[in-house]
Each structure stands twice: as C-alpha cells, then as structure tokens.
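Visitor: Protein chains in written order, with our numbering: chain A, 1 to 232; chain B, 1 to 232.
Worth double-checking, as some hints may not be accurate.
Pairs involving identical chains hold if they fit within one copy or between any two copies, as the list cannot separate such chains.
Heads up, simulated DSBU-like pairs for lysine-lysine below, C-alpha to C-alpha not over 35 angstroms straight-line [to be verified]:
1) Lys-115 / Lys-229
2) Lys-117 / Lys-68
3) Lys-161 / Lys-115
4) Lys-229 / Lys-16
5) Lys-117 / Lys-161
6) Lys-68 / Lys-161
7) Lys-16 / Lys-119
8) Lys-16 / Lys-161
9) Lys-68 / Lys-119
10) Lys-16 / Lys-117
11) Lys-16 / Lys-115
12) Lys-115 / Lys-19
13) Lys-19 / Lys-68
14) Lys-229 / Lys-117
15) Lys-115 / Lys-68
16) Lys-16 / Lys-144
17) Lys-19 / Lys-117
Derived by calculation from the structure, the hints in this document are not laboratory data. Please read these numbers as outputs of a predicted model, since none were measured by experiment.
The lines below spell out each chain.
There are 2 protein chains.
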Amino acid sequence: EILAAVENLLAAGPLKGIKALVTSGPTYEPIDPVRFIGNRSSGKQGHAIAAALARLGADVTLITGPVKLPDPANMRVIHVETAREMLGTALGCLPVDVAVCAAAVADWTVSNASKEKRKKDASGQPPPIELAANPDILATLSEKGSARPRLVVGFAAETEKLLEHARAKFVRKGCDWIVANDVSPHSGTFGGDFNTVHLLTQGGAEEWPRISKADVAERLAWKIADTLKGHP
Amino acid sequence: EILAAVENLLAAGPLKGIKALVTSGPTYEPIDPVRFIGNRSSGKQGHAIAAALARLGADVTLITGPVKLPDPANMRVIHVETAREMLGTALGCLPVDVAVCAAAVADWTVSNASKEKRKKDASGQPPPIELAANPDILATLSEKGSARPRLVVGFAAETEKLLEHARAKFVRKGCDWIVANDVSPHSGTFGGDFNTVHLLTQGGAEEWPRISKADVAERLAWKIADTLKGHP
Numbered sequence: 001e002i003l004a005a006v007e008n009l010l011a012a013g014p015l016k017g018i019k020a021l022v023t024s025g026p027t028y029e030p031i032d033p034v035r036f037i038g039n040r041s042s043g044k045q046g047h048a049i050a051a052a053l054a055r056l057g058a059d060v061t062l063i064t065g066p067v068k069l070p071d072p073a074n075m076r077v078i079h080v081e082t083a084r085e086m087l088g089t090a091l092g093c094l095p096v097d098v099a100v101c102a103a104a105v106a107d108w109t110v111s112n113a114s115k116e117k118r119k120k121d122a123s124g125q126p127p128p129i130e131l132a133a134n135p136d137i138l139a140t141l142s143e144k145g146s147a148r149p150r151l152v153v154g155f156a157a158e159t160e161k162l163l164e165h166a167r168a169k170f171v172r173k174g175c176d177w178i179v180a181n182d183v184s185p186h187s188g189t190f191g192g193d194f195n196t197v198h199l200l201t202q203g204g205a206e207e208w209p210r211i212s213k214a215d216v217a218e219r220l221a222w223k224i225a226d227t228l229k230g231h232p
Numbered sequence: 001e002i003l004a005a006v007e008n009l010l011a012a013g014p015l016k017g018i019k020a021l022v023t024s025g026p027t028y029e030p031i032d033p034v035r036f037i038g039n040r041s042s043g044k045q046g047h048a049i050a051a052a053l054a055r056l057g058a059d060v061t062l063i064t065g066p067v068k069l070p071d072p073a074n075m076r077v078i079h080v081e082t083a084r085e086m087l088g089t090a091l092g093c094l095p096v097d098v099a100v101c102a103a104a105v106a107d108w109t110v111s112n113a114s115k116e117k118r119k120k121d122a123s124g125q126p127p128p129i130e131l132a133a134n135p136d137i138l139a140t141l142s143e144k145g146s147a148r149p150r151l152v153v154g155f156a157a158e159t160e161k162l163l164e165h166a167r168a169k170f171v172r173k174g175c176d177w178i179v180a181n182d183v184s185p186h187s188g189t190f191g192g193d194f195n196t197v198h199l200l201t202q203g204g205a206e207e208w209p210r211i212s213k214a215d216v217a218e219r220l221a222w223k224i225a226d227t228l229k230g231h232p
C-alpha cells in the first residue's frame, strides 16, 4: 500500500523540476590489466535512492561503479570504474539541485599500476602495491561555489564506532547530511536488502529503524523533497 | 545443429563414470571487511567447461569464486572467495579423474588484512598493503601421488608473450595440459563471450581459432573424453 500511495502522489511529483545526481556501487582501482582493488558495495542502496528520487519526479542521473544490478528505469545511467572517472563524470553533471553520494568510492588508487599483467619475480616475491589518495568526490561536490548543489548528501559506511566516525566525516567533508550505516560483517548490510542507518544533519542525528534499503531510499527521497520544495 | 548432435550423443555419454573437478571465476582476497583484491575473470569459460563436461556425462563439481553467472545445471556447485578456500575445497573433492583449473586464482593474499575497516591515519597516508604468496592450486593438484587426477588441465591468462609465459607455467606447475589465452584488454577475452586459445600438451601446441567460449569448452570436453576414454 506504500507503493500505491506513492504512485498516487506521482501526479503531484514533489521533485518535479529538481535535478538529482546519485552515485552508487563500488569503484575498481586497477593494479594491472586483470587485477584491481574493489569493495563489497552492491549498489543496492544507491540504486534504490536513484529510483525513489525518479519516482518522486526528479530528473536523475545515476553514476554507478561495477554492480550486478540492472540499470533502473526513467533516468540517465552512466557506468564508470575508478574514483577518478566517477568524479570527472559527476562534475560534468553539474549543476544539480541535490547530489547523493552513495557510492563506496575507493580512498586510494594504485599509483604503480602496470600496463601488463604483473609476474612474480625470480625470488617469487610479490611486487609491492603502492597507494595514493584518490580525489574526494563528496568533499569536492560540497565545496562552496556557484556550482554547489543546494543539498549534498554523503554516506558513511563503518564497521565500528559508527556515529563517531560519521560525525568526523560530516565535519571533514562539508556536506549537508550524512547517512551513516553499519557495514560490519554481522550487519549483513553489504550485499543485503536491509539497512540500519542514522541520518546526521546540521540539526542532529535521527536513528532510523532497521528497514529495507527500498524504504531507506523512499524515506530519504521524501526528506529531500521536504527540504528542497518545502513539502510538508 | 552442434547442440543437437551433442544431445544425440548424450545417450552414449562419453564421460559417463568420470569424475571431474572444475574451478572457475576470480578469487577475492580481503584487505579489510569491505575492500578486497579481485580480478576481471567473469567465470564464463570455466562455467562453460563444467557445463560441457556435464553434458558429456561426467559427474562434475564446480568450485567458483564470486561471479555474476547463475549456477549451471546438473552438477554440484560450491561457492568460495579466497584462493585458500578454493584449494581446501578442491582437495576435499579428490579423488577425481580430471581437474580443470580455469579459475583466475590470486597469486597473492593480503598478509596484513584487518578485521575493521582501514582508516586513513592522521597524515592521510594509506596503510601499506603487504602481500604474501597464495598456495598454488594447479601445482598442488598436479603433484605426483595416489590422489593425483589422471588429467590436470591448467589455464594461463597472459597479456603479453602468451606462449613463452604459458610454456614456463607448463613446466613449473607439472600439469598435463595448459590452455593459454590472451587476456590483454584489446582481446576482449575477460568478460567477453569469445576466446582465442592455444592448447599446450606434452606433444606440443595446438592453435585454436577464435571461437566462442562455449565452443572452446565443447572442444576441450571432447578432447578430455578422447584422452580419458580412448574415444576417437
């Protein structure tokens, strides 16, 4: 009946005229042509948010890393692999009204990635993997300036000290909201269909009950609509 | 018509009574609970070989790393993540008549993998990723002994100097055949549906034309049947 209620409201389209950018999924950072550093983000939460925003009438661009999910309907979907590609693509989508950065972007890239497949050397020793910081997509989109989205929402995926780490990220990134979620192995969040999140805003923190990722998306989309359009 | 011809031969079942072990897909080596080192193997070739062996009547166990493919029918499928899990599972399947090691097994594991998600330190420096050699599944299965499969087939995925690297691997691993394939980015092999392979045996090297992965699997399965059962 929630779906029916939402569909009834589609005519109203609380996000009609709003441009939204959503990032989703992992990034892959190449080590060589066949190996990469990835992460366990399934893209389910980000894709669900993009779908929820589109259902509320937003004009959505979804930038996604490699996921097993089909492209959601009624939006533009751009596939990328690395954090740098994701950032470049996101900047190319500006200006937007709201950016939701749900992708699990690699903090580091491999600075000594090789063009050919790495081989063991004569000693059998593995060549070291040297890392360098990736650009910070959330912080970049949050920078003050004329192209800054009116609302920038980040995600903090943590395995411990959830709120403490999320609050530190909130301050560091300069975004407006942080959706903090527990991705420790026992939570079943990564790859699963449910999520337990806290929403951190300038006003404080809301704890949401454990609900489906679709419901997290729906609730977040409505909150975005309330904020951008003054919807009750 | 190839499929029909094969199905007509099913009654004959040239591999009836033969136990086969096939490994397929990539392995994932954890860096921490959310990050891992993976590779671009799709599992298409390994899964196709398992399916071809089963169609010829073999009793097949497929051990697969994380792939997007559905489990093939008419066989036992075991899902694993790391090279160590794959090796342990493979050893647990012995004795078999033939082992086809088509998985792209990580050469290295992360020796300093952490139980909690790694954070940047105060300096913003990434913690180093220390690597250690993984066990060699192909070489282990090829070791002389009463449990050695009668036929051990390995794969060599190379981006350059294909035959040179494959021949070196052949000698180093002690297996009976090597299927050498070009996985350089221009080849489109990783993730694609076609493959260009050389089959290296004690007798020399056969160059196979560029054919579908299903056809590579079919041809390899028939060659295995010829060898194990003296089929013409």
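Visitor: Please list, smallest to largest, the hint numbers that this structure does not respect.
Guide: Violated hints: 1, 7, 8, 10, 11, 12 and 14; rest satisfied.
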